[in-house]
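Number of protein chains: 2
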Amino acid sequence: MLGCGRVALDKKYTAGKLDVISPFVQALNPLFNPRSIALIGVPRGLKPGKVFLLGLMDQGFKGSIYLVHPTASEIDGFKAYQGLADIPDSIDMVIVMSPRQSIWEVLDECLKKKVKIVIVYTSGFSEVDHAQGKKDEDRMREIACRGGFRVIGPNCMGIYSPLSGLAPFPFMPKETGNIAFLTQSGSLMNLFINMCSLKKIFFSHAASYGNSCDVDFSELLEWVMADDNTRIVCSYCEGITDIRKFVRILQKTAGKKPIIMWKVGMTDAGEKAAASHTGSLTGQRHLWEALFRQYGIIQVRDIEEMLDLAMGFSHLPLKGHGRVAVISGPGGPAVSAADAVEMNGLTLAKLAKTTVKRLNELLPETGTAKTNPVDVGLGASFDLRYYFDALEILTNDPNIDAVIILGGGVNDEMNEEYVQGIIRIKETSDKHIITIAYPGFIRNEKILEPLHENGIPVYSTPERALKAYAAMMRFYHFQKSIQKADS
Amino acid sequence: MLGCGRVALDKKYTAGKLDVISPFVQALNPLFNPRSIALIGVPRGLKPGKVFLLGLMDQGFKGSIYLVHPTASEIDGFKAYQGLADIPDSIDMVIVMSPRQSIWEVLDECLKKKVKIVIVYTSGFSEVDHAQGKKDEDRMREIACRGGFRVIGPNCMGIYSPLSGLAPFPFMPKETGNIAFLTQSGSLMNLFINMCSLKKIFFSHAASYGNSCDVDFSELLEWVMADDNTRIVCSYCEGITDIRKFVRILQKTAGKKPIIMWKVGMTDAGEKAAASHTGSLTGQRHLWEALFRQYGIIQVRDIEEMLDLAMGFSHLPLKGHGRVAVISGPGGPAVSAADAVEMNGLTLAKLAKTTVKRLNELLPETGTAKTNPVDVGLGASFDLRYYFDALEILTNDPNIDAVIILGGGVNDEMNEEYVQGIIRIKETSDKHIITIAYPGFIRNEKILEPLHENGIPVYSTPERALKAYAAMMRFYHFQKSIQKADS
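Listed in order, the protein sequences are those of chains A and B.
Oh and the first sequence: position 206 is 205 in numbering that gives the first Met the number 0, straight run, nothing missing.
Oh and the second sequence: position 393 is 392 in numbering that gives the first Met the number 0, straight run, nothing missing.
No wet-lab data here; the hints were simulated from the structure.
This one's a predicted model, so the numbers in the text were calculated from it and none came from an experiment.
Treat the hints loosely; a few may be bogus.
If several chains are the same, the list does not tell them apart, and a pair holds so long as it fits within one copy or across any two.
As the list claims (entries may be wrong) - In silico lysine-lysine, DSSO-like type, Cα no more than 30 Å apart, as pairs:
1) Lys244 <-> Lys113
2) Lys445 <-> Lys198
3) Lys46 <-> Lys369
4) Lys430 <-> Lys134
Generate coordinates for the entire structure from the input sequences, incorporating the hints supplied.
Laid out in structure tokens, this is it:
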């Protein structure tokens, strides 16, 4: 028996703080690593439900894939079985695209087939009619409980796991990384992961869990917090039904890995929208914000901010005291960066005397600034040595933890050289080096790729970089305070 | 006599509210439309000071360009005169790149030559040594006053004006638009204008005025507020010396055109950075924010936000009541957009009954939402008709002022069709239509170009779009309140 929904899980947790992952959460392992998958209700042609099959084929799923259709014996050339019972193999995961009215019959088949995981893409439950939908969702959970399987959804896209060759959409990245993404919105899974891949940031696993009638955010969170392949957790969340369970997971796991959370439905308007999207009960903004503070969860407010944080945590090891130095060619963004350092509660590093001396030797007398922020002047766009030497000097200053560098050359060739120069210096430095690809400066995104590949974060503005860096440093302090309390 | 710096200007203004532009500001006309330009101190080869000559050549300046060099008779093949006096022509504008120590001699030559405008690129004044620098800058203004010319700078890049073929950098756009950009940072001029050109947003004029020893932000603001080619004003500002003069200009011009202001140096750290960048005295954050509120100035906090506002004001005529409807394929960003509507003080439009009826007829029963935000479901990515018909329905709802649409197809070809469909609907609608090119959805920027060309704003996230739209609506209300008070 693989777990029995919400009730049993709650009982287990009342036993108190657990150091090992609970068996109920271990039961989720086949969710991220199924051996065989049956797709029920795959449509003919290019229709929405087809994305699951296309996703698995594109991702190169190594296990067995079976199509099930009540009447057709083939779908677009692939063999189709009439029912789960007809498949001459055991089935770990079922993905259900069938119409709503057939869902009970399908779940009954799953029960008989002794499957482990059922992903219900089918929608039209609590997000359409809250009262009746919740009843139906309770019934799904009860069936799962009886059958010893777990249900993800309904109204969800299920799992992306490049490690296991799982994807609910075609053209998702095949590369693996160490970020997990838990999202109530399936489309966002696709969008966010693709957006990150452009910056060479990749994922361990992702789960779209929709209305979460059985497996919910808290369980998925516990699983990824215990997963060795995951170092960072991102989440898009509309609502959580069992807030006590969520708090218990946070109590166990807080500070172990950064949790970056985009919590929507924080206003009346958002609350109503969430209700008709995943049937979530949201609201209670202040309660949520208190939870974030107490458990060191990093709150973000849009997809760009979530990316900014994911990139920062991916590339920069947590350390230091948040003392920031800024190097800029253009003087304007340097001033604005200094504002952003202070507004975000970071410290504009006080340069060591030898640093100032060396900067004075390096930079032209006028049109530059040898204090922090360091303005290397317009001349640096023509002679990149000013950028490189200034970066070298600052990375050797013991009063500095992070250097933000904003610049570039006058053409693509020089920009390529600029990128390589920064990578070279990063290789021998233990400081945080953060680059700014200021809009209009380095216009060709391709040129920035080596930075991403070499683990150097690239932000579009210093304001965005510093906001993310400050959030990282706050998490780092939170983590240290937890570790201190634990020891 | 063309004007006499700060003192005379102050006297003029104490006369009270002026309805016509003052003659002192009219005297700035040659700044944006010189007939002849002399460049003093152009370096050989590709060095920073060369950008002015390259800029004028690249922009195709129609007037006469003369190079001046104390010893060389040619520079990179161009004829050079030994002094201004040797040029057999009258000179409207002089751009000075000479070393700091030669500045007095050069200004004396300008005085004798009876030039109209002197742009001092040369730096090393109040931004390096505040006390001595201010003395030198006062002396520059006095000489200008005596000579009947105006000085821009020192430590600045001067003027960009595609209407007149002026540019201080090569490769700036040749297209003209209706935005003016006033900036203390010269590099930002180049960066912001290039960044905007990628979105097909163009400029009437721009001025980089650096330490502003003579012509200052207030005068430039008055000039662009009166300029028929300018409809929107953007500004990057570190500090203003004569705040009373600034307030008088605002009293005269407030609400006439939107002023989008990126004011830096708002913190201690930023204040120090600004002092060593343009010698500006900044600070007094609360005073500034009170000014912004009182005179309807739109405050932005980074270059992306400035672009978001410039794009919105460029494309959307001010009207309506801020009642927003959202159409989205992915459900997640739709919920987040609903939050953003409310958080920004806008109204999530209550759909008319017929609208809801028509949406119910259009959209599949499940996996969609027929309330606002309208979730057209995953199916819309496969059949764009859902997007187009929903947009058509919403643009015909009298309860709606603006429709935010977030979507796309499953491949580039469909995305091109999606873009064309939106343009088609916009052509027959008087509503504000705002598109969201969600990261990871339409990845190819080229595909979005027709939207920019057809005056449809494109934002990366609904959060950014709604923040900008809310600021526009606040300005619109401010403008109406001013007009009411005036009538």
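Tested hints:
For a Cα distance limit of 30 Å, the shortest separation of Lys244 from Lys113 inside one copy, 28 Å, qualifies, whereas the shortest one across copies, 81 Å, does not. In this homomeric assembly, Lys445 and Lys198 come within 30 Å of each other (Cα to Cα) both inside a single copy, at 10 Å, and across copies, at 19 Å. For the identical chains of this complex, Lys46 and Lys369 are inter-copy neighbours only, at 21 Å across copies versus 61 Å inside a copy, given an alpha-carbon limit of 30 Å. With identical chains, the CA atoms of Lys430 and Lys134 are never at most 30 Å apart, being 55 Å at best within one copy and 41 Å at best between copies.
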